[in-house]
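Undergrad: Read in the working numbering, the sequence shown has 198 at position 6, and its numbers run on one by one without any break.
Errors might be hidden in some of the hints.
Unchecked claim - The calculated DMTMM-like cross-link candidates involving lysine to aspartate or glutamate, where the alpha carbons are at most 20 Å apart (straight line), are: (1) Lys373 with Glu301; (2) Lys373 with Glu333; (3) Lys373 with Glu362; (4) Lys373 with Asp309.
As the list claims (entries may be wrong) - For each label pair, taking beta carbons as the anchor points, the in silico distance ranges come out as: (5) Ser294 with Asp317: 29 to 39 Å; (6) Thr338 with Glu204: 21 to 31 Å; (7) Ser320 with Pro364: 19 to 29 Å; (8) Pro245 with Thr332: 45 to 55 Å; (9) Gly321 with Thr257: 29 to 39 Å; (10) Asp317 with Arg200: 24 to 34 Å; (11) Asp284 with Arg330: 39 to 49 Å; (12) Leu283 with Pro311: 35 to 45 Å; (13) His308 with Ser234: 20 to 30 Å; (14) Arg278 with His308: 36 to 46 Å; (15) His308 with Ile280: 16 to 26 Å; (16) Ile286 with Asp258: 17 to 27 Å; (17) Glu204 with Glu322: 39 to 49 Å.
Source of the hints: derived by calculation from the structure; they are not laboratory data.
Predicted model only: the values in this text are computed from it and were never measured.
Note that the Cβ used here is the ideal one computed from N, Cα and C, for glycine as well.
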Amino acid sequence: MHQTVLLREAVEALVTTSDGTYVDGTFGRGGHSRAVLQRLSSHGHLLGVDKDPAAAAVAAQLSATDSRFSFFHGSFAELPTELASRGITGLDGILLDLGVSSPQLDDSERGFSFQHDGPLDMRMDTSSGETAAQWLARATEQDIATVLKEYGEERFARRIAGAIVSARAEAPIVTTGRLAKSSVRPIRAGRSTSIRRRARSRVFASSSTASWMIWLHCWRRPWACSKWAAAWW
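Kindly produce the complete structure, drawing on both the sequences and the hints.
TA: Shown next, in the form of structure tokens:
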């Protein structure tokens with residue numbers, strides 16, 4: 193079962209007025225949102241935001257039972273535009289719990305973990321955009337190396353990229369297991385697992401941080417937001 197980290201501390205710091213308007217920019221499975229709603233009065237309101245369709249399904253159940261809650265299926269990078277469309281001109285607090293959640297890692301169909309073999313998807317929003325498998329099929333060796341080095345801080349980025357390109361020449365890489373196996377070749381076996389896990393976690397953290405930076409930029413310059421927001425998960 194997914195346990196929300198620092199739930200009480202985060203919500204106590206967030207909710208300063210029970211009549212306020214708040215945003216949970218990373219709704220997930222609703223742990224923070226439910227705790228926030230418990231501290232709001234009948235005049236308070238909470239907007240949940242998430243790109244994950246599974247999160248949207250949970251949010252639909254919550255909004256059906258609590259009129260103080262509404263949901264936006266999208267990225268928190270798009271918040272300035274979304275708030276304006278809803279006529280919300282001010283907020284009392286925003287919560288961003290960045291990173292992947294355990295339900296996403298536990299579900300092999302999402303492709304976020306190498307612990308169990310599954311489709312190489314890795315999208316936060318499985319209803320749009322290309323999968324990691326599709327990207328790997330078209331990316332150049334230099335593109336792959338750049339992603340591994342810049343976002344994953346992987347010291348063996350060029351070797352791994354070359355191994356991936358060689359492997360895909362034999363057959364498309366469409367599962368997490370095959371990607372992991374392809375990535376192991378250029379790395380000493382004793383260190384391969386820790387390196388892959390570290391690189392993967394850094395890629396996800398970097399992507400979340402990028403979305404956060406875009407959101408801050410868009411909050412100040414909403415007219416420049418649309419193209420940026422559409423490019424990030």
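Undergrad: Hint by hint, where does the structure go against what was stated? Just the numbers, ascending.
TA: 5, 6, 8, 13 and 15
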